[in-house]
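Student: Using the supplied hints, reconstruct the complex from the two chains, each of which is provided in its own coordinate frame.
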Amino acid sequence: SQTIHQWPATLVQPVGSPLSLECTVEGTSNPNLYWYRQAAGRGLQLLFYSIGIDQISSEVPQNLSASRPQDRQFILSSKKLLLSDSGFYLCAWKEGENFGGQFFGPGTRLTVL
Amino acid sequence: AQSVAQPEDQVNVAEGNPLTVKCTYSVSGNPYLFWYVQYPNRGLQFLLKYITGDNLVKGSYGFEAEFNKSQTSFHLKKPSALVSDSALYFCAVRDIPSYKLSFGAGTTVTVRA
Chain A
1 SQTIHQWPAT LVQPVGSPLS LECTVEGTSN PNLYWYRQAA GRGLQLLFYS IGIDQISSEV
61 PQNLSASRPQ DRQFILSSKK LLLSDSGFYL CAWKEGENFG GQFFGPGTRL TVL
Chain B
114 AQSVAQPEDQ VNVAEGNPLT VKCTYSVSGN PYLFWYVQYP NRGLQFLLKY ITGDNLVKGS
174 YGFEAEFNKS QTSFHLKKPS ALVSDSALYF CAVRDIPSYK LSFGAGTTVT VRA
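Sequence lines, in order, name chains A and B. Numbering-wise (the numbering used here), the first sequence opens with residue 1 and increments by one. Numbering-wise (the numbering used here), the second sequence opens with residue 114 and increments by one.
Here chain B stands alone, though its shape is the one from the complex (with noise of 0.2 Å):
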């Protein structure tokens, strides 16, 4: 069965650094990969897909995620975060035969003045 793990529960960064969260896949075949984000009481949205070419993806909001097929991972990236950034960020991974996704566990992001 495909998964996503995301070994950090929280990142905390000042406004102006680089931000990186992190998430490691498991699959059999291909990776779909996807970065969502959640603010506070709200659905999730959709920042960035990883399917095929390119093993850096750029999506919204300045996000960008590396995907690393050696290492199995597919981190997102933000060279300058903000504090509107702060939030909760969930990697996905799709099962392709029942286009069902895989969440991670979440992980909670804080950008400080």
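In isolation and in its complexed conformation, chain A is listed as follows (with noise of 0.2 Å):
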């Protein structure tokens, strides 16, 4: 079966320093990766997503950047971190051709202080 893993789950970073978040997925093969941020346990903001090795669109201009190095590996990175970077991320995959949602990891709560 499928899993998805974020690590870490939680970080506190001051302003001003580097970001790396990694999402990995497990018993698939070519999926299509997400990156969503979530303000305020409410609405959902996509980030990134991926069909390919490093085949990123980004869906919004901002501080952060996305690579996908490896088929099943999804990383999320800042070189200078904001306070209003702090949020609650999640990494989604779906499998690549079929009609289905996306499946999330449990998330990473970054705080920047």
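Watch out, some of these pointers could steer you wrong.
Said to hold, decoys possible - No farther apart than 16 Å at their CA atoms in a straight line, the calculated lysine to aspartate or glutamate pairs in the EDC-like style are these:
id	chain 1	residue 1	chain 2	residue 2
1	B	K135	B	E179
2	B	K135	B	D122
3	B	K135	B	E121
4	B	K182	B	D198
5	B	K135	B	E177
6	B	K162	A	E59
7	B	K213	A	E59
8	B	K190	B	D208
9	B	K213	A	E95
Calculated from the structure, these hints are not laboratory results.
Tutor: So this is what it looks like as structure tokens:
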């Protein structure tokens, strides 16, 4: 069966520091991968999605970037964090060609101080 | 563009009573609709989906959803709510060309004992 991992689970970082959040998927190949941010425990904002290695689409201009160095690995990064980057970051995957929904990881709670 | 709306920020019901969480959609073409549930500080969990076929879709944890094309609605229902159903519920619609999901703002469900 497929599983999705995110780490770390929680992170507290000072403003201006770098960021690296990792997401990996097991039990599937060539998944579509997604990064979301959830602010204030409500709406989900799609940040990036990827349909293949090194194929990244950015949804909103921001302080963040994403990379997919391997088929089942998706990394969210920043060179310098802002206070507004605080939030709950969710990674999700979907089988590439089917009509199903996305499956979410457990999330990373980021607090920028 | 595809979109969904959840008209209620909060729904409060007594345990044992029926639970309904409302969702309306706007799409061009056939809708692909989903419901997710999120417990505090957790990732989203997939409940059910409508792709095609029967208008009544059965999902996890005793939930079901009714697709109504004339009313462009996809309401989530449970005949008898449990306290453990208290959570944040999201409706979503899939954007076919890009395989992205557009989420509603979420509805907080509170089931009182």
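Student: A separate judgement is required for each hint: does it hold in the structure or not?
Tutor: Against the structure, the hints come out as follows:
1. B:K135 - B:E179: With a Cα-Cα distance of about 10 Å, the restraint between K135 (chain B) and E179 (chain B) holds, given a limit of 16 Å.
2. B:K135 - B:D122: Status holds; Cα separation ~10 Å.
3. B:K135 - B:E121: holds (7 Å)
4. B:K182 - B:D198: violated (27 Å)
5. B:K135 - B:E177: holds (12 Å)
6. B:K162 - A:E59: Outside the cut-off at roughly 24 Å; violated.
7. B:K213 - A:E59: holds (10 Å)
8. B:K190 - B:D208: violated (24 Å)
9. B:K213 - A:E95: holds (12 Å)
Going down the numbered hints, you'll see the structure goes against 4, 6 and 8, while the others check out.
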